[in-house]
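Just so we're aligned: 80 in my numbering is position 80 of the sequence shown, and the numbers increase by one with no gaps anywhere.
Hint data in this document are derived by calculation from the structure and do not stem from the laboratory.
Some hints here could point you the wrong way.
Stated by the list, open to error - Each pair of labels, with its calculated beta carbon distance range:
{"no.": "1", "residue 1": "Gln43", "residue 2": "Trp144", "range": "15 to 25 angstroms"}
{"no.": "2", "residue 1": "Glu145", "residue 2": "Glu98", "range": "27 to 37 angstroms"}
{"no.": "3", "residue 1": "Thr162", "residue 2": "Leu82", "range": "48 to 58 angstroms"}
{"no.": "4", "residue 1": "Phe155", "residue 2": "Asp13", "range": "33 to 43 angstroms"}
{"no.": "5", "residue 1": "Glu91", "residue 2": "Ala188", "range": "55 to 65 angstroms"}
{"no.": "6", "residue 1": "Lys31", "residue 2": "Ala174", "range": "31 to 41 angstroms"}
{"no.": "7", "residue 1": "Leu82", "residue 2": "Ala191", "range": "47 to 57 angstroms"}
{"no.": "8", "residue 1": "Pro108", "residue 2": "Asp73", "range": "50 to 60 angstroms"}
{"no.": "9", "residue 1": "Ala44", "residue 2": "Glu98", "range": "12 to 22 angstroms"}
{"no.": "10", "residue 1": "Ala188", "residue 2": "Ala34", "range": "40 to 50 angstroms"}
{"no.": "11", "residue 1": "Ala122", "residue 2": "Phe155", "range": "14 to 24 angstroms"}
{"no.": "12", "residue 1": "Leu185", "residue 2": "Leu4", "range": "28 to 38 angstroms"}
{"no.": "13", "residue 1": "Asp13", "residue 2": "Glu84", "range": "39 to 49 angstroms"}
Every residue gets a Cβ at the ideal spot worked out from N, C-alpha and C, and that includes glycine.
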Amino acid sequence: MLQLSYIRENKEDVIARLAVKHFDAKDTVEKILAVDAERRKLQAELDSLNAEANALARQIGELMKGGKKAEADEIKNQSAALKESIKKLEEALRKKEEEQDLVLMLLPNLPSPKVPKGKTPAENENIHQEGELPRLPAGAQPHWELAAKYNIIDFELGVKLTGAGFPVYKGKGARLQRALINFFLDRATAAGFLEVQPPILVNRD
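Given only the sequences and the hints, what does the whole structure look like? Please build it.
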């Protein structure tokens, strides 16, 4: 998810860089900034009411110390009404923050500034290559044909479920995927990294 502050400060850059991915971000960015403005307005109002509530609390304390209970009780009534307004404003802010998170998720990640604009992978530019490309023998099959031949990856089902580029691994393909994950986790652990498995669900705060 893109940082809201970056979108706010680099609106045109975000739109231009996402256009490289053939994603028209203009309306989404405008919506994000509009929701952000509404959220910031609610936050400012809430901060102001909280400051007012704190001032009333101090005033009540001073009146009680001075034995002016009647005046303190009157201000307590004002404070109670103010707290109710704060409660409603906090709920409105919470809903606005949820709306903001949802609309932020509509934006994909930005491509590197080095990525050229193109319609197909053939228009990509090779900016670095490590080692020599292997020379395959005549008749060598590409990975998608091998995957179909051995029934280990279902590309069509992946397209139906998610979209292009997200295949479904099955059978030995799923086992191979899992083995590769374990292999790299073991390598990382051996290098001193700590593996962590957090809960799937977390608190909003």
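Here is what the structure says about each hint:
1. Gln43 to Trp144: 15 to 25 angstroms: violated, 50 angstroms
2. Glu145 to Glu98: 27 to 37 angstroms: violated, 46 angstroms
3. Thr162 to Leu82: 48 to 58 angstroms: The hint (48 to 58 angstroms, Cβ to Cβ) holds, given that Thr162 and Leu82 are roughly 49 angstroms apart.
4. Phe155 to Asp13: 33 to 43 angstroms: Since the Cβ atoms of Phe155 and Asp13 sit about 34 angstroms apart, the hinted range of 33 to 43 angstroms holds.
5. Glu91 to Ala188: 55 to 65 angstroms: violated, 43 angstroms
6. Lys31 to Ala174: 31 to 41 angstroms: holds, 39 angstroms
7. Leu82 to Ala191: 47 to 57 angstroms: holds, 56 angstroms
8. Pro108 to Asp73: 50 to 60 angstroms: The hinted range 50 to 60 angstroms holds for Pro108 and Asp73, with Cβ atoms some 57 angstroms apart.
9. Ala44 to Glu98: 12 to 22 angstroms: holds, 19 angstroms
10. Ala188 to Ala34: 40 to 50 angstroms: About 42 angstroms separates the Cβ atoms of Ala188 and Ala34, which means 40 to 50 angstroms holds.
11. Ala122 to Phe155: 14 to 24 angstroms: holds, 19 angstroms
12. Leu185 to Leu4: 28 to 38 angstroms: holds, 33 angstroms
13. Asp13 to Glu84: 39 to 49 angstroms: For Asp13 and Glu84 the Cβ distance comes to about 43 angstroms; the hint holds.
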